[in-house]
Each structure stands twice: as structure tokens, then as C-alpha cells.
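Asker: Sequence:
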Amino acid sequence: MAYQKGPLYEEGAYLGKVFYNRESYPDGPVYSCMGFPEGRKGVDPSQTGSCRGNDQLNRLKAKELEKFVRAVEPGALYIHFEDFGNYRGTQAVWKQRDPRCRKRWPDDDLRSLQGGAAGLAHGYSWLINRVSDAE
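Under this note's numbering, the residue at position 63 of the sequence shown is numbered 63, and the numbers go up by one with no gaps.
These are computed hints drawn from the structure, not numbers from a lab. Among the clues, some could well be false.
Claimed, not checked - Quick list of in silico lysine to aspartate or glutamate cross-link-like pairs, EDC-like style, CA-CA up to 16 Å:
1) Lys67 x Asp133
2) Lys95 x Asp107
3) Lys63 x Asp133
Between the sequences and the hints, there should be enough to build the whole structure, so can you do that?
Answerer: Now the structure itself:
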């Protein structure tokens, strides 16, 4: 479930689907939310499945993770949404969230229960709950 099919991920045993932040699925307009705007070879990470406030997206990603778990039956999962390197980078990216995330989690502070802590946990909860149901 890499955020892109290309560089660095070509050899993955299970590549899964690359998701985009879309206004509606499957073909709605793509938008930016959380993520460094620069990408590798034309990939914009702020458009690839980063929006925690989009529950259509959260549902699709959770279904994809369930599909992986059923296919591979891993003994453990390392679920890694963000690849920002450190707290400062993650805090900066949280401030770049889209209006739906700002409305739902208005605080710019990454540690806040009305901000980043709640928003990021919301995305992880979708995945964890779906995998727990798959057992």
C-alpha cells in the first residue's frame, strides 16, 4: 500500500492500490491535504491518500488493508502513514491540511485533541478497526 507505484516501490511483494484525495470516488477531482508538495518523479504526496477528514477515502484504504491482511496473513503490521522524518516536519504538514480537516480538527497544534492528535488518530482508527474485524 505504498503511496506510489514508482520509484523505490517497484519491488514490493504487495503494492496494492494507490489512493488519491478525491472529492468523491472513484473519479472525483483530486485535492491536496497534508503532505510535502514536492514529490519524486511527479508524485505529489499531498494528493495521495493523506486526508484524514475524508471518510470515503478512509473506508477505501481500510478495505485495501483488510485485503492485504487476508491475502498475506502477516504476524504483525507496521502501519506508517506519515514519512515526514520528525515532529517538526509532521507539525508543518499538519498545518497544510485542507478545509474539511480544519473544520473537523481546528487546532494547528499537532499534540492537540482538537487538532493533529485527533486527526491523525482518526485515520489510524479506520485501519486498526478494519483489520481487527478481519481476524
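Asker: For every hint, state whether the structure bears it out.
Answerer: How the hints compare with the structure:
1. Lys67 x Asp133: Measuring from Cα to Cα gives roughly 12 Å; hence the hint holds.
2. Lys95 x Asp107: holds (9 Å)
3. Lys63 x Asp133: Satisfied, since the Cα-Cα distance of roughly 11 Å is no more than 16 Å.
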